[in-house]
Each structure stands twice: as structure tokens, then as C-alpha cells.
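Visitor: Each chain is listed here by its residues.
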Amino acid sequence: SQKIEQNSEALNIQEGKTATLTCNYTNYSPAYLQWYRQDPGRGPVFLLLIRENEKEKRKERLKVTFDTTLKQSLFHITASQPADSATYLCALEDGGFKTIFGAGTRLFVKA
Amino acid sequence: KAGVTQTPRYLIKTRGQQVTLSCSPISGHRSVSWYQQTPGQGLQFLFEYFSETQRNKGNFPGRFSGRQFSNSRSEMNVSTLELGDSALYLCASSATRLMSADTQYFGPGTRLTVL
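Protein sequences, first through last, are from chains A and B.
So the first sequence is numbered by my numbering: it starts at 1 and just counts up by one.
So the second sequence is numbered by my numbering: it starts at 112 and just counts up by one.
Mixed in with the good hints there might be a few duds.
[To be verified] Label-pair restraints from in silico Cβ distances:
(1) 56(A) <-> 125(B): 47 to 55 angstroms
(2) 42(A) <-> 176(B): 21 to 29 angstroms
(3) 176(B) <-> 78(A): 40 to 48 angstroms
(4) 165(B) <-> 17(A): 43 to 51 angstroms
(5) 51(A) <-> 149(B): 28 to 36 angstroms
(6) 16(A) <-> 129(B): 45 to 53 angstroms
(7) 129(B) <-> 95(A): 29 to 37 angstroms
Hints are computed from structural coordinates only; laboratory data are not their basis.
All of these numbers come straight from a predicted model, not from anything done at the bench.
By construction, the Cβ of each residue, glycine as well, lies at the ideal position given by its N, Cα and C atoms.
Please put together the full structure from these sequences, using the hints given.
Guide: In C-alpha cells, the structure reads:
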């Protein structure tokens, strides 16, 4: 069955460094992949979408890559700040208006 | 533009009861999706509605049902509540979902606790 895997362990980094989060998927060939941010007790917030024919997408300090051969997406936050501390979720469309989310990776940015 | 609203925000029920949760999408959005989020299972897709029609359903028992009204507002119902139904229930709206990659906008969720 189609599966999405994200690092289950929390990622702890120092302020100013680049955070890199990984999303791997199996048994699927998505047309695009999305990244969301979720803060405790709140709904996810859309950050970026990258399509299968795009290698890289940038938005301010965020960068996403998409390798359909490796079936992997990397999400980078450059010059990280404590305010970037949150859980980051990747998501795929499983056809038919059905979105599948990874379990998320918790990021802690220490000042 | 007002965001997605969900009511109630918190709910406590006992086993065997039923519950109805409500979601009002962003004005003009016609697609509403529902998700269940638990610490163990993460965010799981329940169902999606567009123009009052359910277009897809996740792998949940028949106790979970939903509907969408002509004004795009949606409700989900859980009957015969079980302890394992305790979760954050999230609703997300998007413009149409007719084209792939329509962004989903999530509401704040309803925290359901089953005792």
C-alpha cells in the first residue's frame, strides 16, 4: 500500500543553521507533493507545493526538492529561527481527492 | 476573508453516545475534507465532499459519516463512540479540487474526548 515516511525523531538545531527534513514515499507516483506546518493544538498550514516535473521550489527561507527517482522530498529551512519550531508534514494526493499525510517531523530551533 | 471555522472547539462525550461536528469552509470554497488526528496514527483522511457529494472516503468504519449542504457547510457524525475516537478532528476547505494541487486550508479543529 502507499506509504509516506518522515523522520519520527525530533530534529534539534541551533538558530541560524539550516534545517533539513526528509519525506520518503513508496508505492505511488504522485503528480505533486506538499509541505505543511502545524503548531500544537492548531490545524496544519500550507507552505509549499512541488510538482513532479519540478526539481526545486523556493519561498523566502524555504526550499523543497523532489526526486521522483528516489521517491523523496527534502524540505530545507535556511537561517532557522526559534519561531520555526513546529511539526512539519509532507502530503501526497492518493488520487480521487484523497490526501495522505506523513506522521510529521518535530523541529526545535534553539536560540 | 474569514478562515475555516469549526464548532464546537472542544467536546466531551461518553462511550456509546454520538456526536456531530460542524465545519464552515472559506467563502466560495466548495470542497471540504475531514481528517482525524491522533498521536499514534497522525493525520488520517476521513472523507471529502464537493457540491454535496462524497467523492472519496478513508478507511474508517461506517460509524463515521458526513454530509455537505448546498452552502458548502459540512458536518460529520460519529455514532456509538468508542474510547479510540478521542482525537482532534480537522476540516479543510479548498476552492474546487477539480484541478490537482488546490491548496487546502485547515480549520482549528474540534478536540473530542470520549470517556
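Visitor: A separate judgement is required for each hint: does it hold in the structure or not?
Guide: Going through the hints against the structure:
no., hint, in the structure
1, 56(A) <-> 125(B): 47 to 55 angstroms, "51 angstroms, holds"
2, 42(A) <-> 176(B): 21 to 29 angstroms, "26 angstroms, holds"
3, 176(B) <-> 78(A): 40 to 48 angstroms, "45 angstroms, holds"
4, 165(B) <-> 17(A): 43 to 51 angstroms, "45 angstroms, holds"
5, 51(A) <-> 149(B): 28 to 36 angstroms, "31 angstroms, holds"
6, 16(A) <-> 129(B): 45 to 53 angstroms, "51 angstroms, holds"
7, 129(B) <-> 95(A): 29 to 37 angstroms, "31 angstroms, holds"
The structure shown violates none of the earlier numbered hints.
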